[in-house]
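A.B. asks: As a plain string of letters, each chain reads:
Protein chains: 2
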Amino acid sequence: MQNDLIRRLLEQDIRAIAYSISIVENSSQSSSQLLKQIYANVGNAYRIGITGPPGAGKSTIVNQIAKLIRKKNKRVGIIAVDPTSPFTGGALLGDRIRMSEIGSDTDIFIRSMASRGSLGGLSKKVIDAADVLDAAGYDYILLETVGVGQSELDIVKAADTTVVVLVPESGDSIQAMKAGLMEIGDIFIINKSDRPGADQAAASLKSILMMRPHDEKIWLPGIVKTVATETKGIAEVFSEISKHREFLSNTNLLLKKREKQTKNRIKEIVEEYISKELWNAERESSLDSSLGKAVLGKLSPYQIAEELIENFKKDI
Amino acid sequence: MQNDLIRRLLEQDIRAIAYSISIVENSSQSSSQLLKQIYANVGNAYRIGITGPPGAGKSTIVNQIAKLIRKKNKRVGIIAVDPTSPFTGGALLGDRIRMSEIGSDTDIFIRSMASRGSLGGLSKKVIDAADVLDAAGYDYILLETVGVGQSELDIVKAADTTVVVLVPESGDSIQAMKAGLMEIGDIFIINKSDRPGADQAAASLKSILMMRPHDEKIWLPGIVKTVATETKGIAEVFSEISKHREFLSNTNLLLKKREKQTKNRIKEIVEEYISKELWNAERESSLDSSLGKAVLGKLSPYQIAEELIENFKKDI
Chain A
1 MQNDLIRRLL EQDIRAIAYS ISIVENSSQS SSQLLKQIYA NVGNAYRIGI
51 TGPPGAGKST IVNQIAKLIR KKNKRVGIIA VDPTSPFTGG ALLGDRIRMS
101 EIGSDTDIFI RSMASRGSLG GLSKKVIDAA DVLDAAGYDY ILLETVGVGQ
151 SELDIVKAAD TTVVVLVPES GDSIQAMKAG LMEIGDIFII NKSDRPGADQ
201 AAASLKSILM MRPHDEKIWL PGIVKTVATE TKGIAEVFSE ISKHREFLSN
251 TNLLLKKREK QTKNRIKEIV EEYISKELWN AERESSLDSS LGKAVLGKLS
301 PYQIAEELIE NFKKDI
Chain B
1 MQNDLIRRLL EQDIRAIAYS ISIVENSSQS SSQLLKQIYA NVGNAYRIGI
51 TGPPGAGKST IVNQIAKLIR KKNKRVGIIA VDPTSPFTGG ALLGDRIRMS
101 EIGSDTDIFI RSMASRGSLG GLSKKVIDAA DVLDAAGYDY ILLETVGVGQ
151 SELDIVKAAD TTVVVLVPES GDSIQAMKAG LMEIGDIFII NKSDRPGADQ
201 AAASLKSILM MRPHDEKIWL PGIVKTVATE TKGIAEVFSE ISKHREFLSN
251 TNLLLKKREK QTKNRIKEIV EEYISKELWN AERESSLDSS LGKAVLGKLS
301 PYQIAEELIE NFKKDI
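Sequence lines, in order, name chains A and B. Position one of the first sequence corresponds to residue 1 (this note's numbering), numbered consecutively onward. Position one of the second sequence corresponds to residue 1 (this note's numbering), numbered consecutively onward.
The shape of chain A in the complex, shown without the other chains:
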């Protein structure tokens, strides 16, 4: 069954891909089994993270880039992290809208993942899902997230090239800086650049970026003005992505970047496992029942912590 699934996944069967991502989303035991088995086939896809504030036009840009990639006869997978609540079913809705826009091209695979209440483990699941698409032979994987929150930033950090989408409105780039987007962008897009202030926004962005160290071994991010709804500037965006890819490969930085990403990922897998073992129902309730004494000063938090640690050591 599992072997049959993997065979079909490697044969690029759409239903096997969708089912595999569902396994990965549920993050069960069979998820890590699956990921171990496909891993030899992972590593060929180029991963592009696309982020920015809400309303900047990320989805439109992602769709346009995907269409461009298809014109080059390459296959493209899209994972869009949808920050909707679990109640609205936003992720499903998103799938439909996107699908109808791009059409029924089978060499484009699109999946929305909702960030649901707790963000814990989201970036892990997205990266796992990207591995599934990678093994299924997609040449490019686009990871789209709203640029707010640590977990979203973790996702784009897992990309080879990170694209930050902004709009001309003043203050937007300052927001981006505050949100930590300035540090992670390899390419910046000023979208909706038919609006007033686009040139000025690009210029002030450039002056900020020029303050970063840059030389032949440190990439200086490119800035591209787009009107995504009219496909304006999309070819330039893709050309910047290709330039960045070439830069990473020429400087051997792609390998280094992926090593660092893999390190973070392994640590996250280990820590999630340990945390689950640590905070099992028994220790959770033992902790809860000691809180009253702690608040009344009868037991120190450190003493309670030590007892929990001792119990964990015996248990694991």
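Treat each hint with caution, since some may be false.
Just so you know, same-sequence chains aren't split out, so a pair can sit in one copy or run between any two.
Once the Cα atoms are required to be at most 16 Å apart in a straight line, the calculated EDC-like pairs of lysine to aspartate or glutamate come out as [said to hold, decoys possible]:
no.: 1; residue 1: Lys314; residue 2: Glu277
no.: 2; residue 1: Lys313; residue 2: Glu277
no.: 3; residue 1: Lys157; residue 2: Asp315
no.: 4; residue 1: Lys260; residue 2: Asp315
no.: 5; residue 1: Lys267; residue 2: Glu284
no.: 6; residue 1: Lys36; residue 2: Asp154
no.: 7; residue 1: Lys72; residue 2: Glu282
no.: 8; residue 1: Lys71; residue 2: Glu282
no.: 9; residue 1: Lys293; residue 2: Glu277
no.: 10; residue 1: Lys157; residue 2: Glu183
no.: 11; residue 1: Lys257; residue 2: Glu183
no.: 12; residue 1: Lys267; residue 2: Glu282
no.: 13; residue 1: Lys276; residue 2: Glu306
no.: 14; residue 1: Lys263; residue 2: Glu282
no.: 15; residue 1: Lys260; residue 2: Asp288
no.: 16; residue 1: Lys267; residue 2: Glu307
no.: 17; residue 1: Lys298; residue 2: Glu259
Honestly, the hints are just simulated from the structure, not real lab data.
Using the hints provided, position chain B relative to the given structure of chain A.
C.D. replies: What follows is chain B alone, placed relative to chain A:
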């Protein structure tokens, strides 16, 4: 030696207090010993968190509140988390400026803690330091942090009452919302309210807060306009704090709040310990040496993770 330190700490000896906080800052074995021994004396101080964007005037407000508390013949401890880099020595400088402002009153104790490079463990150390001041008999503890970043928010969440300081400039409250300050504030201050727009800022803030559920069991945050440099509004701030304290105590929410905070704290202590054991030098370097194989697709991150987990289980 340790017992002598604790005796002097409980006798409110300033040098013993300062030395104890240093022990706690270094977070060594003796730190948890110390905290366990003083814990029976902890729990009487009322903890007030003060946060807001940079430049809102938090330090001035903290100093003014401290002076007011002293006029009521109560003792006050201040922990100011200084977001300066380790290179500027900002925390030390901060101590001096503050000291000279408030004078040489020995019933005010002030300590700046720099948030230095990594923020890991900062909130834990600040809460530990607050326990030291609590045991040393300070009636009020003021925890001042810049409202950016998770660790800073964790600190104010450890307070009984959280005060958010804003200024009238438009957009400021929207920033506060984005940064998660809106959810944590029990009291909001519009400081520098002699500037234009103060009334409007207060009104729009109020309309946002009114959208939160509130009844006799859910606190509706108060809004106070201040000009801290002229001591205007400070008495009102303190009166709001007292009202909130009374509310928490009447509804039994203070105990519940402290239980929740203690739970988070114990979890953090346990997790920090486990994480140190987990990522010891040996496993760190074993992880590093496997990254090359992982990136080349020869070893799955899940396989490497499992080996690290097995090794940890045998080891602990």
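A.B. asks: Just pull the numbers of the violated hints for me, sorted ascending.
C.D. replies: Structure breaks hints 3, 4, 6, 7, 8, 9.
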